[in-house]
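Peer 1: Residue numbers (our numbering), protein chains in the order written: chain A, 110 to 465; chain B, 110 to 465.
For the record, the hints were derived by calculation from the structure and aren't laboratory data. Certain hints may be false.
When chains are identical, the list treats them as one kind, so a pair holds in a single copy or across two.
Each computed DSS-like pair below joins lysine-lysine, with the alpha-carbon atoms no more than 27 Å apart [unchecked claim]:
(1) 147 / 122
(2) 122 / 321
(3) 413 / 443
(4) 122 / 425
Given the structure is predicted, the values throughout are model-derived calculations rather than measurements.
Protein chains: 2
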Amino acid sequence: MSTDKHYQGLINKYREYLPVSDKTPVVTLNEGNTPLIKADNLAKKIGLDAEIYLKFEGSNPTGSFKDRGMTMAVSKAKEEGSNAIICASTGNTSAAAAAYGAKAGMKTFVLIPDGYIALGKLSQAMMYGANIIAINGNFDEALERVIDISKNYPITMVNSLNPYRIEGQKSGAFEIIEALGDAPDYHFIPVGNAGNITAYFKGYEEWLAINKSTHLPKMMGFEAEGAAAIVRGERIMHPETLATAIRIGNPASWEKAERARDLSGGVIDSVTDDEIVEAYKMIASTEGILCEPASAASVAGLIKSNKTKAVKEGSKIVCILTGNGLKDPDNAIKYALADVKKTSADINDILRAMNI
Amino acid sequence: MSTDKHYQGLINKYREYLPVSDKTPVVTLNEGNTPLIKADNLAKKIGLDAEIYLKFEGSNPTGSFKDRGMTMAVSKAKEEGSNAIICASTGNTSAAAAAYGAKAGMKTFVLIPDGYIALGKLSQAMMYGANIIAINGNFDEALERVIDISKNYPITMVNSLNPYRIEGQKSGAFEIIEALGDAPDYHFIPVGNAGNITAYFKGYEEWLAINKSTHLPKMMGFEAEGAAAIVRGERIMHPETLATAIRIGNPASWEKAERARDLSGGVIDSVTDDEIVEAYKMIASTEGILCEPASAASVAGLIKSNKTKAVKEGSKIVCILTGNGLKDPDNAIKYALADVKKTSADINDILRAMNI
Numbered sequence: 110m111s112t113d114k115h116y117q118g119l120i121n122k123y124r125e126y127l128p129v130s131d132k133t134p135v136v137t138l139n140e141g142n143t144p145l146i147k148a149d150n151l152a153k154k155i156g157l158d159a160e161i162y163l164k165f166e167g168s169n170p171t172g173s174f175k176d177r178g179m180t181m182a183v184s185k186a187k188e189e190g191s192n193a194i195i196c197a198s199t200g201n202t203s204a205a206a207a208a209y210g211a212k213a214g215m216k217t218f219v220l221i222p223d224g225y226i227a228l229g230k231l232s233q234a235m236m237y238g239a240n241i242i243a244i245n246g247n248f249d250e251a252l253e254r255v256i257d258i259s260k261n262y263p264i265t266m267v268n269s270l271n272p273y274r275i276e277g278q279k280s281g282a283f284e285i286i287e288a289l290g291d292a293p294d295y296h297f298i299p300v301g302n303a304g305n306i307t308a309y310f311k312g313y314e315e316w317l318a319i320n321k322s323t324h325l326p327k328m329m330g331f332e333a334e335g336a337a338a339i340v341r342g343e344r345i346m347h348p349e350t351l352a353t354a355i356r357i358g359n360p361a362s363w364e365k366a367e368r369a370r371d372l373s374g375g376v377i378d379s380v381t382d383d384e385i386v387e388a389y390k391m392i393a394s395t396e397g398i399l400c401e402p403a404s405a406a407s408v409a410g411l412i413k414s415n416k417t418k419a420v421k422e423g424s425k426i427v428c429i430l431t432g433n434g435l436k437d438p439d440n441a442i443k444y445a446l447a448d449v450k451k452t453s454a455d456i457n458d459i460l461r462a463m464n465i
Numbered sequence: 110m111s112t113d114k115h116y117q118g119l120i121n122k123y124r125e126y127l128p129v130s131d132k133t134p135v136v137t138l139n140e141g142n143t144p145l146i147k148a149d150n151l152a153k154k155i156g157l158d159a160e161i162y163l164k165f166e167g168s169n170p171t172g173s174f175k176d177r178g179m180t181m182a183v184s185k186a187k188e189e190g191s192n193a194i195i196c197a198s199t200g201n202t203s204a205a206a207a208a209y210g211a212k213a214g215m216k217t218f219v220l221i222p223d224g225y226i227a228l229g230k231l232s233q234a235m236m237y238g239a240n241i242i243a244i245n246g247n248f249d250e251a252l253e254r255v256i257d258i259s260k261n262y263p264i265t266m267v268n269s270l271n272p273y274r275i276e277g278q279k280s281g282a283f284e285i286i287e288a289l290g291d292a293p294d295y296h297f298i299p300v301g302n303a304g305n306i307t308a309y310f311k312g313y314e315e316w317l318a319i320n321k322s323t324h325l326p327k328m329m330g331f332e333a334e335g336a337a338a339i340v341r342g343e344r345i346m347h348p349e350t351l352a353t354a355i356r357i358g359n360p361a362s363w364e365k366a367e368r369a370r371d372l373s374g375g376v377i378d379s380v381t382d383d384e385i386v387e388a389y390k391m392i393a394s395t396e397g398i399l400c401e402p403a404s405a406a407s408v409a410g411l412i413k414s415n416k417t418k419a420v421k422e423g424s425k426i427v428c429i430l431t432g433n434g435l436k437d438p439d440n441a442i443k444y445a446l447a448d449v450k451k452t453s454a455d456i457n458d459i460l461r462a463m464n465i
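One chain only, chain A, in its complex shape:
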């Protein structure tokens, strides 16, 4: 354990609540400790008299909540003697795996389906030095190969099946309880693979059990309509949504998400792409926070719930913004609110363009 005074990541901060020991080599980029921002402009905009907080997970070192799980998964991999990590991912998981692999001094392998050609999303993992391997097959096959390889070589699989991921991710709930002095009344969160709603609920349950909070928040999970497997009660073979980070048709933590919903008196519902985009733009223009489109599913869910009066006035509400909008510059450009006005350099023309 370090003797330095400053914040050094969630394992050092919450080690008594995590499956680590003094022998665990802590691989950290000082993840966690993310801003919880009071969103009074947003509350006013949607006409809800409540305390709304946005937890901006885009401030994590690789720009998404995945860092919380990856610090645990990679630290445990190192403790267990692995000399490499592997995952199937084309998005935030690959970025987080590659960053923590680099920090750990371990090789990182990322398997992707060959048809996948959007270099932008992969460039982050590549910069961190990951070995990217495109296989002639689909995502499910890539994941199967990852599992096979991790069983037969000293290479640790860090996809969401890795149990330490959820252990790290539950720290987000601890931070919220510490910041607010108790659990909130409602916890809105995007649902893709359903690992994050599972992790937050685990964190809330564990701290309720030791009286660090007085109640569980209602867990309000929102899938994208085109990938709403849990809502529809069936696997979606070809999930479609612009919110790529939650474009998942067969959530790995499906039952656990339903358990969180049922035990907390919450819901798992869906929002349309239009509702996601509306929320994504509203968060930026009212609160000054640019998140990934998928992140906005939490706020879109709040807006939807507010319309049906499913959220009580005067409540404390936390919405998780899972990732940084800078990860998706294409959508930022596409949905940018304003056009660029052109004018001469004459001051009067400029004032006219400013409409003042």
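Using the hints provided, position chain B relative to the given structure of chain A.
Peer 2: Leaving out everything else, chain B in the frame of chain A:
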């Protein structure tokens, strides 16, 4: 002042050291409180037996250190009764201004030279709802118009000439002193407009004066070679460097940067674009941190200084990484370390591609 328990931005944390009062409306996105990451891999890689720390300012809400100054500038603008803010900027300043303008409920105007067409860099400000006005003139003319307008209308200029910017930015030095228990021995920092080196030095001086530290760090500022006005002792009419965030030929805080250098026994030197790119890639692959290319000028400066033994072994060294690499996806793709290997879905082919 808030009664909540959690971190709520640098004005609330450091208000006694800032020109604010209880009447100042605090406009915050919980900026500051950024990770200070121990970089042992990097130290080993460059062969320096010292404690190196990277301060990752890319974790700020809009992805750069500019947020520290903007929370001050916009809070003071609001206090003084402005109903809008204005700046000339095509980069990080426009993003920060627009975000804090949105949070404050104030209009934000961004003037840019008409020839400027890289929408990517502006999309962030546009998402936050800024009014972008492209004038038929160069950057200097845009800045002149901004100054004119701010003198004659209740619109506050938030370019670096705004004195509150440096007040907010000095908080980075406070955080470093708190984290390390004292000032470091060396403080490496990119130099563009020279406001940030000025601000950090101000912070270090102020806390030395009240005995919160025992010494000043040597201020080690590094310009890009193609924009090295201070090093060359002359204004550069057409500055050129891939590190766009420091592509400035006539630094606004020129004399103050020289003062910081002289009083601290530091240097202001330059690094080439090749050296910047080498450092940028090294930071990502050894430490798992993706910064803006301009940010890497600090580490490039450390590498250069280490080659000439200008840095003592056993020292404590802080390098400021000023911005988030996700802001510059084009360079991330261009310099990504690895190619994608293609293979069949056969496990043996995959293992061969993995080279294990």
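Peer 1: Against this structure, judge whether each hint is valid.
Peer 2: Comparing the hints with the structure gives:
1. 147 / 122: For residue 147 and residue 122, the Cα distance is within 27 Å both inside one copy (24 Å) and across copies (16 Å).
2. 122 / 321: both (16 Å within a copy, 25 Å between copies)
3. 413 / 443: within (24 Å within a copy, 41 Å between copies)
4. 122 / 425: both (25 Å within a copy, 23 Å between copies)
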